[in-house]
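> Input sequences plus hints: build the corresponding full structure.
From first to last, the protein sequence lines are chains A and B.
Numbers 1 to 814, taken from my numbering, label the letters of the first sequence in order.
Numbers 1 to 688, taken from my numbering, label the letters of the second sequence in order.
Be aware that a few hints might be false.
Claimed, not checked - Derived, one-sided and incomplete: chain A residues facing chain B with beta-carbon distance under 7 angstroms:
(1) Arg50
(2) Pro524
(3) Ile682
(4) Gly683
(5) Gln713
To be verified - Calculated cross-link-like contacts (lysine-lysine; reagent style DSS-like; alpha-carbon spacing at most 30 angstroms):
(6) B:Lys515 <-> B:Lys86
(7) B:Lys661 <-> B:Lys678
(8) A:Lys724 <-> A:Lys693
(9) B:Lys86 <-> A:Lys693
(10) B:Lys86 <-> A:Lys724
(11) A:Lys814 <-> A:Lys611
(12) A:Lys693 <-> B:Lys515
(13) A:Lys611 <-> A:Lys565
(14) A:Lys724 <-> A:Lys698
(15) A:Lys611 <-> A:Lys312
(16) A:Lys535 <-> B:Lys5
(17) B:Lys86 <-> B:Lys457
(18) A:Lys698 <-> B:Lys86
(19) B:Lys188 <-> B:Lys215
(20) A:Lys724 <-> A:Lys611
(21) A:Lys763 <-> A:Lys814
(22) A:Lys611 <-> A:Lys759
(23) B:Lys515 <-> A:Lys698
The hints are simulated quantities; they were obtained by calculation from the structure and are not laboratory data.
The C-beta atom is built at its ideal place from N, Cα and C for all residues, glycine as well.
One letter stands for each residue in the lines below.
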Amino acid sequence: MSTTPTSPETVAPPVDLRFAEEALARCGRSPDAAIPVLQALQDHYGYLPREALEWVCRHSQITPAAITGVATFYDMFRHAPVGRHIVHVCHGTACHVAGADRVEDALRRHLNIAPGTHTDPNRQFTIEPVACLGCCTLGPVVRIDEETIGYATPEKLPGAIRDFLANAESRARHEPMQSAAKPKNGAAEIQVCLDSCCVAKGTDRVFRALQETVAQTGARATVKRVGCVGACYRTPMIEVLVPGRPKIAITDMTVSRAAELVRTQFRPAGPVAKLASSWSRWVDTLLLGDAPVPAVPAASPAPTADDEAGVKAFFGRQVHIAMEHFGRLDPLDAGEFLAHDGFVALARCLGVPRPQPDGQPGAAPSGSLTPEQIIETVEKSGLRGRGGAGFPTGQKWRMVRHQNSPTKYVICNGDEGDPGAFMDRMILESFPYRVIEGLAIAAIAVGAHDAIFYIRHEYPNALKRIRAALAECERRGWIGNRLLGSDYPLRFAIKEGAGAFVCGEETALIASVEGRRGMPRLRPPFPAVSGLWEKPTLINNVETLALVPWILRHGGEAFAAIGTKTSKGTKVFALAGKIRRAGLIEIPMGTTLREIVEEIGGGVAAGRRFKAVQIGGPSGGCVPARLADTPVDYESLRDIGAIMGSGGMVVLDDTACMVDLARYFLQFTQNQSCGKCTFCRIGTKRMLELLEKFCAGKARRRDLEELEGLAGQIAQGSLCGLGKTAPNPVLSTLRYFRDEYEAHLQGHCPAGKCPALIKYTVKNNCTGCTLCAQHCPVNAIPLTPYERHAINLDLCTRCDTCRQVCPYDAVEVK
Amino acid sequence: MSALKLTIDGRPVEVAPGATILQAARQLGVPIPTLCHVEGFAPSASCFLCAVKIEGRPNLWPSCAMPAADGMVVVTQSDEVRRARKTALELLVSDHAGDCVGPCSTGCPARLRIPDFLARVAALDQRSAAEIVTDDLALPASLGRVCPRLCEQRCRQCDVTEALSIRNLHRFTADQQRVTLRPYVPSKAPASGRSVGIVGAGPAGLAAAYSLLRKGHAVTLFDAHPQPGGMLRYGIPAFRLPRSVLDAEVRVIRELGAELRLNARLGRDFSLADLQRDFDAVFLAVGAQGSRGLGCPGEELALPAVEFLQQLTDGPAPEIGSKVVVVGGGNTAMDVSRCAVRLGARSVRVLYRRTRREMPCLLEEVEAAEEEGVQVEYLVAPTKLERREDRLELTCVRMELGAPDASGRARPVPVTGSEFTVSASCVIAAIGQSVEFSSDEAPNLAFSKWGIAVDEKTLATNLPGVFAGGDAVTGPDLAVRAVAAGKLAAASIDQYLAGLPVVGAPEAVNVLMGKLDEDELAEVLRDIEDAPRAKMPHLPPEQRRTTFDEVELGFTPDAALRESRRCLGCGCGKAIPCRLRSLATEYGVDPGRFVGQRRHFRRDTSHPEIVFEPGKCILCGVCVEVARQAGEDWGIAFFGRGFDTVVAPPLGRPMAEAFKKSGRRAAELCPTGAITLKGAGCHACRRA
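See below:
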């Protein structure tokens with residue numbers, strides 16, 4: 001929330017300053033402790049009381065100007081007291097396409113939060129829009145405190161909030177731990193993913209229900225926490241592994257069904273003999289029989305019940321390297337990690353024996369690699385940065401290696417800010433040890449002894465997992481002064497982002513770590529030469545690092561054998577939007593967009609037309625359906641005006657307005673602009689104002705010319721990648737969907753999306769059932785039973801509720 | 001480490017490693033504009049004015065931060081670079097909450113520095129007020145009486161109470177000079193040895209003479225009339241502009257060294273070629289002395305208003321009898337009708353073809369005329385004028401308003417069958433003037449459809465060394481525009497005489513905030529007393545009917561002081577040194593290109609030495625750095641992010657605590673008017 005230097009919204013209660021001293025004692029008093037201190041203060045007080053800030057300035061090296069600058073730069077910091085519960089409304093791309101604006105409106109109405117304010121009069125709830133929560137396949141997403149609610153459509157909200165308040169006490173604060181016992185002979189293993197978006201669908205409750213029921217009934221089964229499978233469209237699901245049988249997935253899992261499953265299927269004597277796919281079909285019949293008819297069509301397509309062909313198509317083309325062993329491993333089980341080639345690569349890089357699961361010393365390593373050899377391997381692999389820019393990773397490592405400095409840093413960039421992208425979150429949550437290994441290898445290659453994880457605070461679960469994994473590594477003596485028992489010291493630290501998309505940019509990230517406002521600076525000099533604390537610094541994306549161990553184990557050529565001439569290996573994409581099968585997929589570079597959308601994704605919903613794919617987030621572009629045969633490859637995408645980006649891929653159908661989409665992205669980048677350079681700070685604002693004119697039907701032809709001209713100049717005259725690429729969505733939609741801009745010039749929105757340009761009317765097949773009038777949240781439809789209803793267009797907010805509830809399809813949008 | 005060799009605009013330069021392109025350019029003497037950069041400070045790379053193109057690399061680069069590299073080829077002035085800089089400036093200016101000069105000044109055709117002189121009046125410094133007023137506009141006492149005060153229409157006080165009585169204060173300031181012991185005497189440059197011949201001693205000619213004489217040139221004014229003043233004397237009656245006042249103003253110009261040759265008419269007594277031969281430059285300011293006729297049969301029987309006024313001025317007074325009809329609706333019609341009253345006519349009627357709302361004159365003139373007994377009738381037009389034995393008979397028709405015409409005013413349409421006749425002893429036509437000057441008088445001179453053809457920016461005609469301005473160019477127009485034209489012509493002529501390129505007086509770019517919202521108005525009104533607009537005292541109407549003495553009596557010093565203190569002090573104290581403005585002017589910026597959300601106007605005068613107006617900030621961060629370097633306890637901080645970022649003292653501290661030691665330095669280094677020194681030109685200072 002931004003703030004102006006005037007008085008806060010509400011009267012602040014008196015502040016107990018003892019915690020401020022605690023925060024300083026814990027986080028430090030040097031200038032770079034600014035963000036951790038502020039985060040600690042806000043955790044405790046719920047916001048940042050001025051007295052606490054003044055106290056901090058008096059008792060540390062942090063100046064008033066510095067603390068003010070930092071406290072007002074980042075989104076997470078609040079300057080006024082808040083309600084008991086914070087409601088985050090996600091406005092990421094997929095959520096936007098799923099109607100996040102309407103969700104926020106509905107929330108405000110339901111919680112009685114007046115426009116212009118953020119908290120209700122009873123101080124129960126504070127609403128905060130958020131750029132992206134990284135649960136894109138569940139759009140629209142709402143998070144209340146730590147509870148994520150997926151498919152949070154306006155109709156579902158009142159019930160969801162009631163449930164939230166009812167379960168307040170029983171809500172577990174800590175993640176349930178895995179069952180201690182390994183499956184005994186013949187016992188089944190029930191695998192449940194506990195990553196953020198599955199938990200948003202309730203898998204944590206399913207997990208506990210399974211555990212409880214197993215304990216109660218003494219069933220011969222263990223319940224195991226696993227990482228992400230990637231098939232988000234089938235979740236909430238569990239997978240049952242019986243030795244000697246193929247793994248079975250059971251979708252549409254709920255708490256009651258989970259308990260039922262254990263009771264009926266796992267007798268104490270052993271698993272039911274015939275646990276074949278026919279059984280799962282019976283289970284599905286049981287499940288579908290129970291399924292309630294949704295009052296409103298679900299925001300996501302209904303999961304196709306165990307559609308085998310669909311599953312084959314979804315996984316058929318995928319090649320899992322970053323996601324190797326997906327869905328099988330407990331993310332935090334160090335022993336399991338070791339049993340699946342964990343630390344093989346790192347041990348080889350150090351020339352030490354691999355650690356054994358039982359703690360016994362391992363066999364001598366099969367060779368060792370010098371840093372030069374490590375870098376050569378990565379160079380041979382053709383690996384390019386997966387964060388979006390695609391810079392050759394080996395080259396970057398070499399640059400840092402060449403710097404002559406005893407102090408160097410490596411940083412894992414986990415500030416995945418693209419709305420619509422959640423690959424890095426998944427990798428951090430599901431494969432924390434793998435990323436640690438990749439980061440450690442990078443450190444050795446360049447000669448750094450300090451490794452930092454920089455993870456955005458909107459990913460609390462990812463932070464928890466990495467913290468836990470690092471704690472385990474430390475406990476086992478794998479990191480610290482003797483990396484895997486070698487002479488190489490490697491210290492790890494975690495820094496949390498504080499809510500600024502721009503901090504994904506390397507120099508802004510560094511500024512944030514140094515306790516300053518996240519404002520980029522000119523490159524050159526590059527971080528490789530002068531980075532954190534002006535020392536040579538290597539910054540790599542999470543996914544890039546997750547690929548490194550495999551490359552070191554199998555050799556650079558093996559990676560380079562996959563993909564295209566210039567884009568090697570695999571890429572993880574977050575496939576979301578108007579697609580039947582949404583999820584996280586890892587595919588070889590060179591796969592075409594059409595193959596992804598139609599084969600893997602199963603195409604758009606029936607009755608709708610595939611229009612375009614938005615790829616690369618707010619820095620990217622829209623690829624029209626007619627160009628869907630373009631292969632996923634850095635250069636091929638760049639040539640058609642898009643970018644690879646970090647992996648966000650949102651599929652759009654004919655209900656998407658491309659002008660509105662451009663406006664949405666520009667609103668995001670404009671909001672996230674750090675404000676330093678003229679073209680980005682003011683230019684994107686002016687571009688946004690022009691786009692708003694288009695969406696309101698008020699634009700003139702010269703506005704179109706100005707929009708295009710300004711877009712080009714902003715791209716040329718900005719300091720960092722945010723500004724340079726902010727015009728991309730506009731430029732790419734102008735290139736391929738200019739007709740929509742022309743239509744808006746005439747006051748017409750072809751997709752029927754822009755509220756100012758559409759009208760809702762009731763057709764004459766209306767039977768007068770009054771459902772629309774009953775549901776209209778702003779009372780724009782007078783109740784006229786048995787007569788054709790009429791919508792008052794002056795009151796209508798275009799929320800689409802009437803059209804959705806009408807059983808006769810009598811509401812028309814034009 | 002060896003030096004780096006690079007090329008800037010085709011010129012080679014060597015610099016030490018670590019130098020930036022900007023440093024290399026400065027070493028070479030190649031100018032690159034900057035706003036956010038301060039020598040010795042770490043580069044901010046914020047404003048992007050210093051953008052340059054580097055061959056072989058896409059996009060543009062901020063030269064203040066870009067390290068020079070061996071073999072670099074830099075271009076600092078291509079079209080692409082200039083366009084980018086222009087856009088950057090237009091973006092900055094679109095988010096600028098400040099007026100460079102008061103909106104009143106931008107409304108004045110001569111750009112009189114109104115808030116400046118009002119501040120001097122308010123500070124009881126009449127002499128400095130007079131200096132400003134006289135320097136900016138010749139003939140201040142005259143203009144202070146007859147100008148239709150376009151400035152007042154833009155005065156911000158309109159949004160609060162009523163506009164400042166600017167014209168009357170202008171007059172007051174000028175009038176004070178005639179009663180004070182130490183009047184302002186304009187300076188004069190040493191003789192240049194050049195001479196200028198000016199045809200027409202009206203406002204344009206007199207103003208040009210004033211400026212040229214002060215620049216040291218010799219000036220001779222020719223005028224066809226027996227007395228100087230042009231329309232100021234012959235078009236405006238004495239009760240609005242007393243002859244003594246006008247004579248005093250002409251005397252100032254005579255005392256500066258002007259030579260006057262009266263009763264000399266161009267075309268009859270001398271030719272343009274004579275002037276071109278006898279003088280180094282010529283200025284044609286012959287005005288628009290011709291009259292337009294009634295436009296109906298018998299129009300030659302009507303007395304043209306200009307002739308009437310001329311006879312009145314030079315004598316003998318015209319015989320108009322006791323029943324006078326004036327046709328027309330402008331200032332002249334009002335003036336003429338009021339003169340007729342004073343000449344003893346018992347009935348004076350003014351017939352205007354449209355309604356009161358469309359009358360081109362000021363409302364107060366109609367009111368004054370009616371107070372003196374003039375009857376004004378609307379929606380009446382003449383169709384025929386005939387002479388009867390002892391009187392004139394004017395046939396008129398009633399009109400009604402139809403659809404708007406080209407000027408946007410409703411077009412009057414005759415109502416059939418509504419004819420009526422009016423008898424009169426004299427019918428005066430005050431329909432409008434025309435330029436009575438053509439190629440007959442000046443062969444080889446080019447004409448436009450309105451008058452003499454000139455270059456708009458310089459007032460140069462097609463003949464070298466011959467310039468023209470005022471009504472002779474534009475057709476009948478306001479005196480203040482003629483004065484502005486005279487001043488502009490003098491600037492052009494001065495350049496011409498010095499052998500410099502003639503460019504006229506290019507104006508600096510002006511950023512205008514436009515309408516202020518409630519909060520912003522409150523900021524501006526904070527120290528202003530709530531008082532109504534001062535009223536100008538008048539001679540009582542009964543007295544006015546019998547004398548040509550001045551009707552408006554002028555402000556008392558008390559009234560003037562109180563009125564001047566109503567001024568909100570719009571305009572920026574740093575308008576002249578502001579680097580944003582000077583760069584915007586240099587790059588031909590259009591301040592209206594981007595219209596959208598802008599910062600809020602705020603003015604903080606609480607610091608003892610500086611005025612803080614964060615709405616003008618370009619977020620360069622220089623003040624933040626100045627405070628930090630000075631080791632201020634509080635200093636100043638960035639608040640927020642992106643477009644909404646502002647700079648303010650942290651944690652709610654007042655400005656006085658933010659800059660305890662480095663306020664002056666911050667003001668000096670701030671590139672815009674966001675931080676200015678008190679007393680350096682900001683009008684808010686007189687209240688702080």
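> Now, for every hint given, state plainly whether the structure supports it.
Here is what the structure says about each hint:
1. Residue-level restraint check for Arg50 of chain A holds (minimum Cβ-Cβ distance to chain B is 6 angstroms; threshold 7 angstroms).
2. At about 6 angstroms, the closest approach between the beta carbon of Pro524 of chain A and any beta carbon in chain B falls short of 7 angstroms, and the interface hint on this residue holds.
3. Evaluation of the Ile682 of chain A hint against chain B yields a held restraint, the C-beta minimum of about 4 angstroms falling below 7 angstroms.
4. Using the Cβ-Cβ criterion of 7 angstroms, the hint placing Gly683 of chain A at the interface with chain B is satisfied: the shortest such distance is roughly 6 angstroms.
5. The restraint placing Gln713 of chain A at the interface with chain B holds, with a minimum CB-CB distance near 5 angstroms, inside the 7 angstroms limit.
6. With a CA separation close to 25 angstroms, the supplied pair Lys515 of chain B and Lys86 of chain B stays within the 30 angstroms bound.
7. At most 30 angstroms may separate the alpha-carbon atoms for a hinted pair to count; Lys661 of chain B and Lys678 of chain B meet this at roughly 15 angstroms.
8. With a C-alpha separation of about 23 angstroms, the suggested pair Lys724 of chain A and Lys693 of chain A falls inside the 30 angstroms cut-off, and the hint holds.
9. Restraint check for Lys86 of chain B and Lys693 of chain A: satisfied, since their Cα atoms lie roughly 24 angstroms apart, inside the 30 angstroms limit.
10. A distance of roughly 18 angstroms separates the Cα atoms of Lys86 of chain B and Lys724 of chain A; the hinted pair therefore holds under the 30 angstroms criterion.
11. Taken as a hint, the Lys814 of chain A and Lys611 of chain A pair is honoured in the structure, with Cα atoms around 19 angstroms apart against an allowance of 30 angstroms.
12. Annotation: proposed proximity of Lys693 of chain A to Lys515 of chain B holds, straight-line Cα distance about 21 angstroms (limit 30 angstroms).
13. Pair hint Lys611 of chain A plus Lys565 of chain A holds up; C-alpha atoms about 29 angstroms apart against a cutoff of 30 angstroms.
14. Taken as a hint, the Lys724 of chain A and Lys698 of chain A pair is honoured in the structure, with Cα atoms around 27 angstroms apart against an allowance of 30 angstroms.
15. A hinted pair counts as satisfied when its Cα atoms are at most 30 angstroms apart, and Lys611 of chain A with Lys312 of chain A qualifies at roughly 25 angstroms.
16. For the proposed pair Lys535 of chain A and Lys5 of chain B, the alpha carbon gap of about 27 angstroms is at most 30 angstroms, so the pair holds.
17. At roughly 22 angstroms between alpha-carbon atoms, Lys86 of chain B and Lys457 of chain B fall within 30 angstroms of each other, so this suggested pair holds.
18. Straight-line distance between C-alpha atoms of Lys698 of chain A and Lys86 of chain B comes to about 26 angstroms, which keeps the hinted pair within the 30 angstroms bound.
19. With a C-alpha separation of about 6 angstroms, the suggested pair Lys188 of chain B and Lys215 of chain B falls inside the 30 angstroms cut-off, and the hint holds.
20. Of the supplied pair hints, the one linking Lys724 of chain A and Lys611 of chain A holds, its CA atoms being roughly 26 angstroms apart against a limit of 30 angstroms.
21. With a C-alpha separation of about 12 angstroms, the suggested pair Lys763 of chain A and Lys814 of chain A falls inside the 30 angstroms cut-off, and the hint holds.
22. A distance of roughly 23 angstroms separates the Cα atoms of Lys611 of chain A and Lys759 of chain A; the hinted pair therefore holds under the 30 angstroms criterion.
23. Distance check on the hinted pair: Lys515 of chain B and Lys698 of chain A sit about 22 angstroms apart at the alpha-carbon level, within 30 angstroms; holds.
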